[in-house]
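Chains A and B are the protein sequences, given in the same order. Each residue of the first sequence is one higher than the one before, counting from 5 in the working numbering. Each residue of the second sequence is one higher than the one before, counting from 5 in the working numbering.
Treat the hints as calculated values from the structure; they're not laboratory data. Among these hints, one or two may not hold up.
No copy labels: a pair is met if it fits in one copy or bridges any two.
Claimed, not checked - With a cut-off of at most 30 Å between alpha-carbon atoms, the simulated DSS-like pairs for lysine-lysine come out as follows: (1) K107 - K135; (2) K70 - K107; (3) K48 - K75; (4) K75 - K107.
2 protein chains.
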Amino acid sequence: MRYSNATNYALHTMVHLMLQPRENLVGVQELAEMQHLSPTYLSKILTKLTKAGLVESTPGAKGGYKISRTKHEISFLDVINATEGDNSLFDCSIHHEGCLIEKVMWQAEENMKSELKSKLLIDIAKEAESKQE
Amino acid sequence: MRYSNATNYALHTMVHLMLQPRENLVGVQELAEMQHLSPTYLSKILTKLTKAGLVESTPGAKGGYKISRTKHEISFLDVINATEGDNSLFDCSIHHEGCLIEKVMWQAEENMKSELKSKLLIDIAKEAESKQE
DNA sequence: GTATTAGGGATATTAGGAGTCTCTAATATC
DNA sequence: GATATTAGAGACTCCTAATATCCCTAATAC
Numbered sequence: 005m006r007y008s009n010a011t012n013y014a015l016h017t018m019v020h021l022m023l024q025p026r027e028n029l030v031g032v033q034e035l036a037e038m039q040h041l042s043p044t045y046l047s048k049i050l051t052k053l054t055k056a057g058l059v060e061s062t063p064g065a066k067g068g069y070k071i072s073r074t075k076h077e078i079s080f081l082d083v084i085n086a087t088e089g090d091n092s093l094f095d096c097s098i099h100h101e102g103c104l105i106e107k108v109m110w111q112a113e114e115n116m117k118s119e120l121k122s123k124l125l126i127d128i129a130k131e132a133e134s135k136q137e
Numbered sequence: 005m006r007y008s009n010a011t012n013y014a015l016h017t018m019v020h021l022m023l024q025p026r027e028n029l030v031g032v033q034e035l036a037e038m039q040h041l042s043p044t045y046l047s048k049i050l051t052k053l054t055k056a057g058l059v060e061s062t063p064g065a066k067g068g069y070k071i072s073r074t075k076h077e078i079s080f081l082d083v084i085n086a087t088e089g090d091n092s093l094f095d096c097s098i099h100h101e102g103c104l105i106e107k108v109m110w111q112a113e114e115n116m117k118s119e120l121k122s123k124l125l126i127d128i129a130k131e132a133e134s135k136q137e
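Can you build the whole structure from these sequences, using the hints too?
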């Protein structure tokens, strides 16, 4: 069980966008080069982020992506849900109601998600920025 | 990202074995029927559990599996590690040292594993037993 | 010896992730 | 309005890992 590469790329992309000046649009070209990805592939991932309302896109010349103005406080969990979907990590193989194993697994997953919800991308971006100076 | 079916089957199998009388051997035939699986497939999973030291196997007529005598306090994490392997859920796609994203993800994973380590199968087995009565 | 059961290896089969290509739609600039 | 540029959508290929089966071997009870 592993997080997909898409999640990995998405998180890095989001942090990069967070470090941009306000309202500055960044094209998929630049974002892809930074991570050594093909633009068409990263484009798929960015569309997911757009649909999830985490970034806003502008098509056409001089277009690109920027962090959503409406949604503040974007968390790790937000990005992960956008790329991985929000299905649960474990479902009892025997479909008997109230499976005790399932219950334990769900609790553990819930706690992890709760932690990832409390971690904000903006904090990571700021920390990365301060380290570079 | 999901836990494999193997993990699901393994957990149910372990709980079933825990409910057996001491030193009682259960064949893969019975274990497979209970979960509507093919014996050959479940056999593969049981071999992993054996190698991880969670169960003990006896080949030959009247053979089968039983919970390990030496390893007490078997946790959810023990079973998961046996079936999933112990690789991390997330590795930074750009291989830059001290990635802050990676750091956050590792912390969340660590917490989940810590919780799954504290959950013992024997408690689940006992609870299931009391519910059936 | 014979029946039974675990273990190991080889081999399909399948599902989903990873990634590319092409066409369409929207926007800026001239 | 024409053109260049950029996001979006869909079909498609490729690869890997999970899933599952089959067959042979080794060990054990009787």
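Earlier hints that do not hold, by number:
none
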